[in-house]
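S.K.: In order, the protein sequence lines correspond to chains A and B.
Per numbering that gives the first Met the number 0, residue 0 is the first one in the first sequence, and the count goes up by one each step.
Per numbering that gives the first Met the number 0, residue 0 is the first one in the second sequence, and the count goes up by one each step.
Be careful, since some hints might not be right.
Beta-carbon label-pair distances, calculated as ranges [unchecked claim]:
{"#": "1", "chain 1": "A", "residue 1": "L1", "chain 2": "B", "residue 2": "G308", "range": "41 to 49 Å"}
{"#": "2", "chain 1": "B", "residue 1": "N301", "chain 2": "A", "residue 2": "K111", "range": "40 to 48 Å"}
{"#": "3", "chain 1": "B", "residue 1": "V297", "chain 2": "A", "residue 2": "V27", "range": "28 to 36 Å"}
{"#": "4", "chain 1": "B", "residue 1": "Q383", "chain 2": "A", "residue 2": "Y107", "range": "25 to 33 Å"}
Derived DMTMM-like pairs (lysine to aspartate or glutamate); straight-line CA-CA distance at most 20 Å [stated by the list, open to error]:
{"#": "5", "chain 1": "A", "residue 1": "K37", "chain 2": "B", "residue 2": "D129"}
{"#": "6", "chain 1": "A", "residue 1": "K37", "chain 2": "B", "residue 2": "E89"}
{"#": "7", "chain 1": "B", "residue 1": "K324", "chain 2": "A", "residue 2": "D113"}
{"#": "8", "chain 1": "A", "residue 1": "K37", "chain 2": "B", "residue 2": "D95"}
{"#": "9", "chain 1": "B", "residue 1": "K200", "chain 2": "B", "residue 2": "D129"}
{"#": "10", "chain 1": "A", "residue 1": "K32", "chain 2": "B", "residue 2": "E89"}
{"#": "11", "chain 1": "B", "residue 1": "K324", "chain 2": "A", "residue 2": "D70"}
{"#": "12", "chain 1": "A", "residue 1": "K32", "chain 2": "B", "residue 2": "D90"}
{"#": "13", "chain 1": "A", "residue 1": "K37", "chain 2": "A", "residue 2": "D50"}
{"#": "14", "chain 1": "A", "residue 1": "K111", "chain 2": "B", "residue 2": "D316"}
{"#": "15", "chain 1": "B", "residue 1": "K324", "chain 2": "A", "residue 2": "E72"}
{"#": "16", "chain 1": "B", "residue 1": "K56", "chain 2": "B", "residue 2": "D97"}
{"#": "17", "chain 1": "A", "residue 1": "K37", "chain 2": "B", "residue 2": "D90"}
{"#": "18", "chain 1": "B", "residue 1": "K324", "chain 2": "A", "residue 2": "E115"}
{"#": "19", "chain 1": "A", "residue 1": "K32", "chain 2": "B", "residue 2": "D95"}
Partner residues aside, some chain A positions facing chain B, computed with beta carbon under 8 Å [said to hold, decoys possible]:
{"#": "20", "residue": "A14"}
{"#": "21", "residue": "T18"}
{"#": "22", "residue": "A20"}
{"#": "23", "residue": "A80"}
Quick caveat, the hints were computed from the structure, so don't treat them as lab data.
Every residue, glycine too, gets a C-beta built ideally from N, C-alpha and C.
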Amino acid sequence: MLQDFAFVGIMLIVAVALTGAALLLAWVFRPRKPNPIKSSTYECGVETVGDAWVQFKVQYYIYALVFVLFDIETIFLFPWAVAYGQLPLFAVLEMVLFILILAGALVYAWRKGDLEWV
Amino acid sequence: MNIINDPFTWAAKLIEPWLGGFLPPAGVYWTMVVLRAAVLAIFALVMFMLMTWIERKGVARIQNRLGPNLAGPWGLFQPLADAIKAITKEDITPTDADRLVYNIAPILAAAAAILVYAVIPFGPGLIGADMNVGIFFVLAVGAIGIIGILMAGWGSNNKYALLGAFRVVAQLVSYEVPQVLSVVVVVMLAGSMSMITIVEKQPVWFILVLPIAALISLFSGMAEIGRSPFDLLDAESEIIAGHHIEYSGMKFALFFLGEYVHAFAVSCIIVTLFLGGWRGPNILGLTVPWLWFFVKAVLVFNVMVWARGTLPRLRIDHLMAFNWKFLVPLSLANVIVVALADRLAQALGLAMGTWPWALMLLAFNLALIFAALALVGSSGRRAQQAAESHATPVAETQELAHEEVMTHGAEGAPATVGAH
Chain A
0 MLQDFAFVGI MLIVAVALTG AALLLAWVFR PRKPNPIKSS TYECGVETVG DAWVQFKVQY
60 YIYALVFVLF DIETIFLFPW AVAYGQLPLF AVLEMVLFIL ILAGALVYAW RKGDLEWV
Chain B
0 MNIINDPFTW AAKLIEPWLG GFLPPAGVYW TMVVLRAAVL AIFALVMFML MTWIERKGVA
60 RIQNRLGPNL AGPWGLFQPL ADAIKAITKE DITPTDADRL VYNIAPILAA AAAILVYAVI
120 PFGPGLIGAD MNVGIFFVLA VGAIGIIGIL MAGWGSNNKY ALLGAFRVVA QLVSYEVPQV
180 LSVVVVVMLA GSMSMITIVE KQPVWFILVL PIAALISLFS GMAEIGRSPF DLLDAESEII
240 AGHHIEYSGM KFALFFLGEY VHAFAVSCII VTLFLGGWRG PNILGLTVPW LWFFVKAVLV
300 FNVMVWARGT LPRLRIDHLM AFNWKFLVPL SLANVIVVAL ADRLAQALGL AMGTWPWALM
360 LLAFNLALIF AALALVGSSG RRAQQAAESH ATPVAETQEL AHEEVMTHGA EGAPATVGAH
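Construct all of the structure, not just a fragment, from the sequences and the given hints.
M.R.: Printed below as a string of structure tokens:
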């Protein structure tokens, strides 16, 4: 098991090295002729007004909250799914109940109108 | 081991004694690990080139064009020409950008996609690492690419890029839920998260047993990689190109690399989970597992190209409504129905992995999908009727002031949406 993760670690290093090599190759061959106009922010042709780093309303934070809810559900679902073949009927019904409770949360968010994109 | 059935094990058997001649056993082991990782990563890059060619040819065919046809036979060398072009293009870093975040983002997006190939089973022993949490690893690492895209959007200091990045997060985070839930169903029946075991547990391909999970997996997979019709992250007509608007040259190419490498990885995962992986009939007495896997994966990729060539881009509120109001409830119901139907089948004495068992689960799946479609259809009709009954008083009271008509219309709109 640890060796599998070691393989993934080595694969990550190889992947970063390969993409880094591509960037290095481009760094060797590419022309360098920057000028202030060229390296200004490209938005619509007119000069850019202000930073993009401003505070603005993130419309979908409710989606993010519901997502966290379901993400935690999956943490419980995966061990259950792996053991599903050996579980007694009681445990299966228990998880069905658990999913129904979460579905209730989804219905609540839905009825409250939080699933509308604003 | 036969060279045609399993060329990589054959090559490994050839290299290992040679390495053993001048390295200690541990050195041989780790050299082989590095070689395996390098072969997989380079395979991913070659697939990137092949997939761009297939996609351009396929979309061209759909649009009644020829597509790339000048570089090499049938334009096969076009990706190489593109690579040379990407290398020789000037690289522009905007003066306002956050240089560190801006430069790391493309590497992260590409490396995360390549990393998924570590657990894809191309054949019985042909896998980077047969982890016992294989499919979970795919879901986790696939999500790292999102961080790369968010970093690109934030680091560019460009309003369109930031808007694109925020949309990506909303979209990808939402579609993660049905994807995970469709994978849970497969894990339930296979009894393992290891990719090899999942394929071994499919004497009957899971697409015949779990058609709903297969479809949800395909849809959410397409949304996860942000391909048309779910390509809101780089909607050219609205936010120009989204997160990669400021990128040029090789860094831009790396984002595309990440997208296509991930697209092929998603095809491979759908093949593993639902299309029986490397399973297929023998050809001339040879099992050729890797060939079957490759053929199936390219076919699934072609379905994605087909969808891209046929469907227009979805609007963002439709996209979110489709996910949260259709896919998520359907996949939740799917988990419950499959869990209970499988228990029922076993109570009736149908063994798992046999045809009667598969047909029973298929029947339950079809019943669920028809019920879901009937429900959507009837609620759609009700919404339409509600909209029409709202529209008539407006038409009758034409003498109303213009603003009043407008407010009335505005009141009618949320009711329509709410009824969905």
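S.K.: K37/A and D50/A were given as a pair; does the straight-line alpha-carbon distance stay at or below 20 Å?
M.R.: The hint holds at about 17 Å.
S.K.: Holds or violated: are the alpha carbons of K37/A and D90/B at most 20 Å from each other?
M.R.: holds, 11 Å
S.K.: Holds or violated: are the alpha carbons of K200/B and D129/B at most 20 Å from each other?
M.R.: holds, 15 Å
S.K.: Given the range 25 to 33 Å, decide if the beta-carbon distance of Q383/B to Y107/A lies inside it.
M.R.: The hint (25 to 33 Å, Cβ to Cβ) holds, given that Q383/B and Y107/A are roughly 26 Å apart.
S.K.: Does the alpha-carbon distance linking K56/B and D97/B stay inside the 20 Å limit?
M.R.: violated, 37 Å
S.K.: Holds or violated: are the alpha carbons of K324/B and D70/A at most 20 Å from each other?
M.R.: At roughly 17 Å apart (the allowed maximum being 20 Å), D70/A and K324/B satisfy the hint.
S.K.: Any CB of chain B closer than 8 Å to the CB of A14/A?
M.R.: holds, 4 Å
S.K.: Against chain B, run the beta carbon of T18/A and see if the smallest gap drops under 8 Å.
M.R.: holds, 5 Å
S.K.: Given the hinted pair K324/B and D113/A, is their Cα-Cα distance within 20 Å?
M.R.: With Cα atoms ~11 Å apart, K324/B and D113/A stay inside 20 Å; holds.
S.K.: Should the interface hint for A20/A be scored as holding, given a Cβ-Cβ cut-off of 8 Å against chain B?
M.R.: Result: violated, 10 Å to nearest chain B Cβ.
S.K.: Below or equal to 20 Å on CA atoms is what counts here, so check K37/A against D95/B.
M.R.: Between K37/A and D95/B the Cα gap is close to 12 Å, so the pair holds against 20 Å.
S.K.: Compare the distance between the alpha carbons of K37/A and D129/B with 20 Å, and conclude whether the hinted pair is satisfied.
M.R.: violated, 48 Å
Consistency note: the structure conflicts with the earlier hints numbered 5, 16, 22.
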